[in-house]
Every structure is written in structure tokens, then in C-alpha cells.
Amino acid sequence: MLGYYLKLAWLSIKRNPILSALMVTAIALGIGASMTTLTVNYMMSNNPIPSKSDQLYYVQLDNWDPNDPFDEPNEPPDQVTFRDALNLLHANKAERQVAMAKTNFIVEPDNQEVKPFHARGRLTSKDFFPMFSVPFLYGQGWNQAADDNGDLVVVITKALNEKLFNGENSVGQSLRMQGEQYRIVGVMDTWEPTPHFYDVTNGAFGEQEDVYVPFILKRDLELPNSGNTNCWKTPEGDGFKAFLQSECVNYQFWAELPDNNAKDNYMSFLNSYVMEQKKLGRFPRPLNNRLSDVMEWMKKQGVVADDAKMMMYMSFMFLLVCLLNTIGLLLTKFVGKAGEIALRRAVGASRTQLYWQHLVETGLIGFAGGIFGLLLAWAGLAGVRHLYGDNLKPDLATLDMKLVLIGIALAVVSSMLAGLYPTWRACRIPPAGQLKTQ
Amino acid sequence: MKDFGPIIRALLRNKTGAMLIALQIAITMTIMVNAIHMIINRSELMARSSGLDEANQFVVAQYGYRDDFNEKYVVQTDLDHIRNMPGVVDAIQTNSVPMSNGGTSMGLQVEPGADKEGLGVAIYMADDHALNTYGVKLIAGENFDPTEVEFRDGNTREWPQRAIISKAMAEALFPDLSPQQVVNKTVYINRNEPITIAGIIDQLQAPWVGWDNVERTMITPIRTMYKFSRYLVRTEPGRRDEVLEAVKSYLESRDVGRMLFPIETISDVREQSYRDANAMQTILWVIISILLIVTALGIVGLVTFTINRRRRQIGTRRALGASRGDILKYFLLENFVITSAGLLLGIIGSIGLNIWLVDAFDLPRIGWIYLPVAMVVLWLVGQLAVYGPAAKASRISPAIATRNV
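Residue numbers (UniProt numbering), protein chains in the order written: chain X, 1 to 438; chain G, 1 to 405.
Among these hints, one or two may not hold up.
[Said to hold, decoys possible] Taking lysine-lysine pairs in the DSS-like style, the calculated list, with each CA pair at most 25 Å apart, reads:
#, chain 1, residue 1, chain 2, residue 2
1, G, 15, X, 337
2, G, 185, X, 233
3, G, 227, X, 241
[Claimed, not checked] So, partial list: chain G residues that the calculated Cβ filter (under 8 Å) puts toward chain X:
#, residue
4, 24
5, 249
6, 251
7, 276
[Claimed, not checked] If you want the ones that stay clear, here's a sample from chain G, every Cβ over 12 Å from chain X, calculated:
#, residue
8, 10
9, 12
10, 72
11, 83
12, 145
13, 173
14, 176
15, 191
16, 214
17, 223
18, 238
19, 246
20, 303
21, 304
22, 347
23, 392
It is worth saying that the hints were derived from the structure and are not from the lab. Think of the CB as a built atom: it goes at the ideal place given N, C-alpha and C, for glycine as much as any other residue.
Use the sequences and the hints to build the structure in full.
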């Protein structure tokens with residue numbers, strides 16, 4: 001039956017080429033605009049680590065000013081202090097845990113031909129690699145001893161390995177950064193979680209770091225601060241050590257907690273840790289610790305840009321206008337078909353069959369609109385990438401298979417919905433009256 | 001006006017088509033008003049002055065990475081040389097520049113004490129050449145003396161004893177005093193460290209263009225030794241690009257253990273800073289334009305449809321003595337009635353959507369002026385869309401009334 005309906009639909013579309021083209025265009029424009037903005041929103045709200053996003057928790061401790069919360073109404077700071085990060089790391093109370101900060105390096109290649117260049121760095125601890133399922137091309141992350149002793153070891157990205165070692169296995173080689181010789185222990189395979197979830201404070205869609213070194217080197221080598229640093233009171237005393245002991249937040253802490261039980265236990269550990277610290281005269285605010293899993297944290301931090309959301313709502317309203325338009329055009333078209341409908345009814349087609357026939361027809365128009373709409377969305381996304389340039393990671397404005405299917409489904413379903421009323425009206429026509437005027 | 005009666009009665013007999021158009025108009029107006037509101041909102045942000053002499057400045061960042069990088073010496077010799085280069089007005093070493101979106105902020109308060117409220121202020125660190133390099137005007141007090149410039153590294157906690165603040169910051173700290181009266185007042189940084197206001201400048205933006213208090217800035221007499229710093233260079237009008245090349249080759253020629261980042265003109269910095277706002281404006285303009293076209297085409301389609309259904313009525317009216325003008329007027333008026341109904345709905349929709357946007361995204365409220373403007377535009381679009389099919393209808397021959405009856 002479907003084959004027959006498709007054939008009838010095709011004949012009907014051919015009979016009214018202009019009207020049909022107008023409908024396809026209207027749907028295509030609506031789908032094009034909606035899919036362009038939907039893609040950006042969808043990619044921004046992507047789950048960067050689906051296999052374990054509900055087991056990874058971002059830790060917030062409220063060490064802020066007793067007179068003034070970090071953020072209204074009573075939000076704790078979005079990062080932790082160096083001393084808390086280190087204490088929590090040493091406490092080792094979670095399945096895995098990682099303390100991190102952003103930093104900068106100047107790499108001085110042995111090859112004199114390559115000029116020293118800037119590399120984005122991440123200070124982190126050994127669990128980073130297994131915890132975030134980082135893929136390795138060569139070698140692996142470092143071990144506990146490297147974290148404890150502050151060994152000069154480094155994990156580099158595939159891109160940096162290409163640049164410095166032509167993509168060959170560089171494990172065991174040395175890398176000179178700011179006057180220190182680091183030993184390469186691992187080369188990552190391509191790994192670009194989007195959003196850059198583990199440090200959204202410093203940009204959810206920023207570029208990936210190039211080099212990863214043990215966290216404790218922050219203290220041992222007095223590495224400079226980078227990224228967002230917030231203080232509510234001045235460090236007590238002079239020097240770098242005083243800064244590390246201060247209430248300034250510049251560090252991120254994640255814990256891997258496989259189930260709710262582990263989460264509850266970790267929360268009580270955090271609470272008792274803060275109570276302990278209160279005895280030292282720290283944490284003047286009431287107990288206010290938080291654990292947020294990956295997606296909760298993305299949401300709290302407003303990772304999906306407001307602009308993107310607003311443009312998406314506007315586009316969906318635009319699609320609505322296009323659909324109203326389609327309803328109007330379908331009405332026009334089906335009224336023109338009154339004679340044919342009456343004839344089919346007279347020779348025995350049931351109303352249900354006629355409904356189906358016309359829904360298939362609108363579905364087909366929707367499908368064509370969807371295909372053209374996706375082409376428009378593809379062009380629209382190219383435009384978006386051009387407009388935003390370096391401010392938008394290209395993969396945030398790229399259609400994937402799932403989005404293509406969503407686009408087509410959206411087009412077909414919405415045009416069939418738009419077809420419901422015109423179909424109902426057309427099929428309600430009593431056959432006799434129409435046949436008489438023929 | 002006697003025409004309204006038949007038009008309304010005819011519309012009531014065939015509600016669907018009219019309702020569809022009215023709804024389209026309502027939603028179109030809702031989108032249009034709010035989109036244009038956003039566009040204008042962004043334009044206002046972009047039109048703000050940074051306070052700099054933007055067309056004649058560039059900035060270059062450096063990072064000293066080698067042990068033998070002698071920052072004090074390198075910066076002093078660089079500045080001495082650059083300031084004497086032909087075409088250069090002045091130059092400074094600084095931690096940040098307006099619109100760069102990265103910098104330092106602290107709290108200033110009028111009374112000392114941890115429990116007193118502080119006002120956030122962006123801090124620029126530069127020597128006594130700062131005002132001349134930025135291109136800002138001192139409206140009260142005095143500039144720094146070269147001797148009061150202090151050196152600051154990552155572990156320095158104390159701030160210099162004097163600072164120059166922007167007029168907006170002076171007004172925020174001392175709402176009741178004139179700039180002249182604010183000079184020599186004491187404010188407190190780090191809760192209780194006193195700073196004397198040496199002077200007030202007319203205007204200078206903070207580095208963060210998205211900050212609500214972007215006009216609150218302070219210049220402190222500091223030469224930094226953070227290893228990372230920037231030079232801001234101001235040139236004579238029209239000589240920026242030429243000087244930029246000269247400064248670049250001079251800096252590159254010195255092997256002093258530093259890495260230079262690519263030089264950016266302040267125009268580049270502005271473009272980069274407002275690129276998202278610009279992109280959003282373009283996207284919204286595209287949406288509005290296509291939307292208007294789609295709406296107009298929808299009107300054309302539906303009007304053509306109604307006219308085709310009423311060919312005989314039109315012929316009859318013509319046969320009974322209606323002129324072509326009467327027929328044309330009928331359809332134009334009919335569209336006016338439908339559009340007006342849609343616009344009434346559209347006013348409610350526009351305000352409703354705006355209330356939601358204000359609530360959800362902290363967008364400002366729309367000005368009332370948007371509503372009449374959008375209404376006039378949509379009335380015009382409706383009339384233009386109807387004109388073609390209506391003119392065609394007016395040419396229907398009266399004879400058609402006699403056929404097929």
C-alpha cells in the first residue's frame with residue numbers, strides 16, 4: 001500500500017510543481033535554521049565522557065569570605081586552594097582522584113632549527129589518565145612515585161609529538177622546558193573531549209593542553225599561575241610558599257566515586273576534613289561542600305552559551321512560522337484536489353486510506369524539505385564557523401550522523417503534523433457534491 | 001469604512017486561512033522585535049569607547065623563559081629604545097590592555113576593615129608614561145612621578161601608595177564628590193592597605209568587555225617582573241603599521257632569553273573581543289530577513305488561494321459595478337485587518353518573549369519604540385505581498401460571473 005501511496009504522492013507533487021516547491025522551500029528554510037542552531041547547542045551540551053560521566057565528581061569546598069559568599073546566593077568557589085587540593089589528593093579517599101591546574105611552558109627544542117615556543121601545560125596527578133580514559137599512542141602516564149617525588153616527567157600530545165619527533169615513539173626522550181629537562185613517559189593519542197569538561201573555569205571550549213606534568217612541580221619549581229585565580233584575602237607572608245598556603249583558589253579537584261554509597265562516604269569525608277580545618281582557623285563559612293557529576297557541573301557552569309540558546313529558541317519559532325506557512329499551502333493544494341478525493345471515495349477508498357495517502361504525501365514533502373534543510377544547515381554551519389573563527393571550535397559547528405537523522409525526522413514529523421488539519425479537511429468533503437460539478 | 005463589514009463577515013466565514021496568516025504575523029513580529037532588540041543591544045556594547053587611541057596602537061606580549069632573562073634591564077632598554085623610534089608617540093610595559101579579556105582585579109573600599117564592602121576594580125600596572133600611551137585625559141589631580149614607579153614580582157603583596165582611577169570608579173567610590181574633590185582621598189586595597197588617589201582620568205575600560213562595571217579601572221605606578229608582560233605602543237596617526245614592523249624587528253633582534261608572541265593591533269584586539277557579538281548580529285539579521293520573506297510568500301500563497309476561490313464573486317461584484325480599484329482596495333483592506341489582528345497578538349508575544357528572555361538570560365527590557373516600528377514594517381510587508389495577487393484579481397473580467405452559474 002505504501003508503494004502505491006508514494007506513487008500517488010509523487011504524481012500529486014508533480015501536478016503542482018510550484019506549490020510543492022514552495023512547501024519544500026518553507027520546510028527546508030525552517031529546518032536549515034533550526035538544525036544550524038540546534039547543532040551548536042547539541043555539541044555544546046555534549047557529554048564529553050559518556051562511559052563514566054556519572055562517576056566523576058567535581059569537588060567544591062567553601063573556604064570563602066565569612067561576610068560574602070563567592071557567588072550569590074550561597075555558592076562555594078568554583079575552584080579549590082593549593083593546600084586543599086594537595087590534602088585531598090594525599091587523603092586518597094576516593095577510588096581515584098586528581099588535583100589539577102593550568103600552567104604555561106616555553107619549550108626549547110633540542111633541534112636548533114625550531115624556535116622556542118609556547119606550550120599550554122596542565123599540572124595534574126597520576127590518576128588523570130586512567131580516570132578520564134585518556135588513550136595513549138606510546139607509553140603511559142606516570143606512577144605514584146613520580147607524584148610523590150615530583151619527578152620531571154611529562155606526557156605530551158600526539159600533535160606535539162608530530163611537531164618535535166615526526167610522530168615517532170619519543171618515550172624515554174627528553175624535553176627541555178623552561179630550563180628543566182623532562183623525561184617523556186607517554187604520548188597521548190588524539191583526545192579532545194568537548195566540552196573541555198575537567199577545567200571549564202578556564203574555558204569550556206578552549207584548546208587542549210600540549211603537555212602534562214606532575215602536580216607537585218607547582219610547588220617544587222614554583223611554576224607560574226595561569227588561568228583564573230581568585231583570592232578573598234591576601235596571602236599571609238611573602239613569597240611563593242605563602243601563596244600556596246593562601247586562601248586563593250586556582251586548582252581543580254575531581255574524584256571518581258563508582259556508586260552512591262561511595263559518594264555519600266566521600267561527602268562525609270569532605271565534611272570532616274573541613275571541620276578539621278576549621279580548628280586551624282580556616283573555612284569561616286558554614287559547611288557548604290559540593291559534589292557534582294560531570295553533566296551537573298557542566299550545567300552549573302553554564303557551559304552552553306546563552307547566545308547559542310537564544311538563537312536556538314528563535315530558530316524554532318522560525319520553524320513554526322515555516323510550518324504555519326506549509327499548512328496554508330497544503331490547504332490550498334488539497335482544496336484543488338477535492339475532485340480527485342471525491343472520485344477515490346466514490347470508487348471505494350475509505351477515509352482512513354485517504355488520510356494515509358495524504359499523510360504519506362506530506363511526509364514525502366517533509367522528507368524532501370529535510371534533505372534540503374540539512375544542506376542549508378550544512379551551509380549555515382560553514383557560515384557560523386566563518387563568523388566565529390577561532391572563538392568556536394570547529395567540531396561545535398559540524399553535523400554528525402545523529403544530527404542528520406534528527407534533522408530528517410524533525411522535518412518529516414513536523415510536516416506530517418502540519419498536514420493533519422488540511423488532510424482532515426480535504427477528506428471530510430462529501431463525494432457527491434464534488435462529483436456533480438465535474 | 002463601510003467596507004469593513006463585508007470584509008469581517010467574509011473572514012468569519014473562512015477563518016482558517018486568515019488565522020494562519022495572523023498567527024504567522026504574530027510569531028514573525030515576536031521574533032523580529034526580540035531579535036532586533038538583541039542586535040541593537042550588541043551594537044550598543046560594541047559602540048562603547050575603550051578609552052584608547054585604538055587606530056594607532058599595538059600590543060606585543062613576551063615571556064622570559066631563560067635563566068639569563070634580566071627583566072628589569074631588558075624592559076628598560078626596550079622602552080628607552082622604542083620611545084625614541086621615529087613615529088612612536090609613547091610606549092609602556094603593562095599587565096593588560098582594555099578588551100583583551102585577561103587581567104587583574106582587586107577590591108577598593110572607602111573605609112578599612114574586613115567587614116566593609118569593597119568595589120571591584122581592574123588594575124593596570126604601568127609607569128608614568130601610561131596616560132600618554134593610552135591616550136586618556138587627566139581631568140583632575142596629577143600624573144605619577146617617574147620616581148614613584150615600583151617594581152613588582154609574583155610575590156609582592158604591597159601596593160604603591162598612589163593610584164590614578166577612572167572617573168567612573170571615582171563616582172562609584174564617592175558618589176557625592178566631584179573628581180577634583182576625590183583627588184588626594186584615601187581608599188583601601190586588600191581591606192586595609194591605604195592608597196591615595198593621585199589623579200582622575202576621563203575614561204578607560206577594564207579588560208573584560210562583558211563585565212557590568214567595565215568602566216571601573218585603576219592605574220598603579222608599577223613595572224612588573226612577572227616574566228610575562230606586554231608592551232603597548234602608541235604611534236603617530238597613520239604610522240601604526242610601519243612602526244609595528246620596526247618594533248618587531250628591533251625586539252626580534254635582541255637575544256635576551258625571551259619568547260615574543262605575535263604582535264596584535266588594538267583594532268585586532270577589539271575585533272577578536274567582539275567577534276561573538278558580531279557573529280550573533282549577522283545570524284539574527286539572516287534569520288529576520290528570511291523570516292520576512294517566508295511570511296510574505298505565505299501571504300502571497302494564501303491570498304492567491306482565496307482569490308481563486310472567489311473568482312466568481314469578484315466577477316459578480318465587477319458586473320454589479322465595482323471598479324478595479326474597489327476590488328484592489330478590498331483585498332488590501334482585508335490583509336490590513338488580518339495583519340492588524342496578528343500584530344495585536346504579536347505585541348503580546350513580543351512582550352511575553354522579552355519577559356522570559358529578561359528572566360532567563362538577563363537581557364535588558366525592550367523599549368516600547370520597537371513595537372510600532374515592527375508593526376509598520378509588517379503592515380508594509382503584508383500590503384506589498386497582497387498587492388500582486390490583488391492587482392491580478394482586479395483584472396478578473398465581469399463576464400466570469402455569467403459563466404458556469
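Structure-based check of each hint:
1. 15/G <-> 337/X: 20 Å, holds
2. 185/G <-> 233/X: With a Cα-Cα distance of about 23 Å, the restraint between residue 185/G and residue 233/X holds, given a limit of 25 Å.
3. 227/G <-> 241/X: 18 Å, holds
4. 24: 5 Å, holds
5. 249: At about 15 Å, which exceeds the 8 Å cut-off, the nearest Cβ of chain X leaves the hint on residue 249/G violated.
6. 251: 14 Å, violated
7. 276: 6 Å, holds
8. 10: Per Cβ check, residue 10/G is outside 12 Å of chain X; nearest 17 Å; holds.
9. 12: The claim stands: residue 12/G keeps its Cβ more than 12 Å from every Cβ of chain X (closest is about 17 Å).
10. 72: 18 Å, holds
11. 83: 27 Å, holds
12. 145: 26 Å, holds
13. 173: 18 Å, holds
14. 176: 25 Å, holds
15. 191: 7 Å, violated
16. 214: Consistent with the label, residue 214/G stays out of reach of chain X, its closest Cβ about 18 Å off (over 12 Å).
17. 223: 18 Å, holds
18. 238: 27 Å, holds
19. 246: 21 Å, holds
20. 303: 10 Å, violated
21. 304: 8 Å, violated
22. 347: 16 Å, holds
23. 392: The assertion about residue 392/G holds, with a minimum of 15 Å to chain X.
Of the numbered hints listed earlier, those contradicted by the structure are 5, 6, 15, 20 and 21.
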